[in-house]
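K.L.:
All chains, full assembly: derive it from the sequences and hints.
Number of protein chains: 2
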Amino acid sequence: MARVVVDVMPKPEILDPQGQAALRALGRLGFAGIEEIRQGKHFEIEVDDTVDDATLEKIAEGFLANPVIEQWTITRVGA
Amino acid sequence: MARVVVDVMPKPEILDPQGQAALRALGRLGFAGIEEIRQGKHFEIEVDDTVDDATLEKIAEGFLANPVIEQWTITRVGA
Numbered sequence: 247m248a249r250v251v252v253d254v255m256p257k258p259e260i261l262d263p264q265g266q267a268a269l270r271a272l273g274r275l276g277f278a279g280i281e282e283i284r285q286g287k288h289f290e291i292e293v294d295d296t297v298d299d300a301t302l303e304k305i306a307e308g309f310l311a312n313p314v315i316e317q318w319t320i321t322r323v324g325a
Numbered sequence: 247m248a249r250v251v252v253d254v255m256p257k258p259e260i261l262d263p264q265g266q267a268a269l270r271a272l273g274r275l276g277f278a279g280i281e282e283i284r285q286g287k288h289f290e291i292e293v294d295d296t297v298d299d300a301t302l303e304k305i306a307e308g309f310l311a312n313p314v315i316e317q318w319t320i321t322r323v324g325a
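Chains as they are written, first to last, in my numbering: chain B, 247 to 325; chain P, 247 to 325.
Quick caveat, the hints were computed from the structure, so don't treat them as lab data. Heads up, the beta-carbon is just placed ideally off N, CA and C, and yes, glycines get one too. Honestly, I wouldn't trust all of these hints.
To be verified - Calculated lysine-lysine pairs in the DSSO-like style (CA-CA distance at most 27 Å, straight line):
no.	chain 1	residue 1	chain 2	residue 2
1	P	K304	B	K287
2	B	K304	B	K257
3	B	K287	B	K257
4	P	K304	P	K257
5	B	K287	P	K257
6	B	K287	P	K287
7	P	K287	B	K304
8	P	K287	B	K257
9	B	K287	B	K304
10	P	K304	P	K287
11	P	K257	P	K287
What the hints assert, rightly or not - Label pairs and their in silico Cβ distance ranges:
no.	chain 1	residue 1	chain 2	residue 2	range
12	B	Q264	P	E259	21 to 31 Å
13	P	Q264	B	V323	32 to 42 Å
14	B	K304	P	E282	13 to 23 Å
15	P	T296	B	Q266	14 to 24 Å
P.N.:
Here it is, written out as structure tokens:
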């Protein structure tokens, strides 16, 4: 068994309305010094030892992210 | 300037319908060995040096997460 984390974020050139809304709201509420917020998705996945990196890449690209507008990182965090 | 990552996840005792839907879909599509998927939110925040950890905690607890059903981690990843 291994734990895998996949973080999916809007590509830098893609507008992120959720992050922008959070940023504006914090400004209105008086929090100073917050320059930028971008919001994405965080997946924690438990896989058995038969699941290799190529399979994880296929799952991230095909099902967890939209490769047209999103980028992702895959990290194995435990055994 | 510093970059802060906030990961927000449903608490372990809370059902996660999005993660469960992804898990079932992958099973139907023939991906074996995926035991569990839980889906949360991933925030990447740029803050200036006036923003201390207590402020970040307040922002995460009050605005990025719902403390009733979610837990979160705050990580400073760069200077």
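K.L.:
Now look at each hint and say whether the structure bears it out.
P.N.:
Here is how each hint holds up against the structure:
This hinted pair checks out: K304(P) and K287(B) have alpha carbons roughly 21 Å apart, not beyond 27 Å. The straight-line distance between the Cα atoms of K304(B) and K257(B) is roughly 18 Å, inside the 27 Å bound, and the hint therefore holds. Annotation: proposed proximity of K287(B) to K257(B) holds, straight-line Cα distance about 13 Å (limit 27 Å). Only pairs whose Cα atoms come within 27 Å are accepted, and K304(P) paired with K257(P) is accepted, the gap being roughly 18 Å.
For the hint linking K287(B) to K257(P), the alpha-carbon distance of about 16 Å falls within 27 Å, and the restraint holds. Pair hint K287(B) plus K287(P) holds up; C-alpha atoms about 5 Å apart against a cutoff of 27 Å. The suggested pairing of K287(P) with K304(B) holds, with an alpha-carbon distance near 21 Å, which does not exceed 27 Å. Under the criterion of a C-alpha separation no larger than 27 Å, the hint pairing K287(P) with K257(B) is consistent with the structure, at around 16 Å.
Using a Cα cut-off of 27 Å, the hinted pair K287(B) and K304(B) holds, with the two alpha carbons roughly 17 Å apart. For the suggested pair K304(P) and K287(P), the alpha carbons sit about 17 Å apart, so the restraint of at most 27 Å is met. Between K257(P) and K287(P) the CA atoms are separated by roughly 13 Å; this keeps the pair inside 27 Å, and the hint holds. The hinted range of 21 to 31 Å is satisfied by Q264(B) and E259(P), whose Cβ atoms lie roughly 26 Å apart.
Look at Q264(P) against V323(B): about 20 Å separates their beta carbons, and that is not inside 32 to 42 Å. Distance hint for K304(B) and E282(P): a CB-CB separation of about 18 Å, consistent with the stated range 13 to 23 Å. Between T296(P) and Q266(B) the Cβ separation comes to about 21 Å, which falls inside the hinted range of 14 to 24 Å.
The structure fails to meet hint 13 from the earlier list, while all remaining hints are met.
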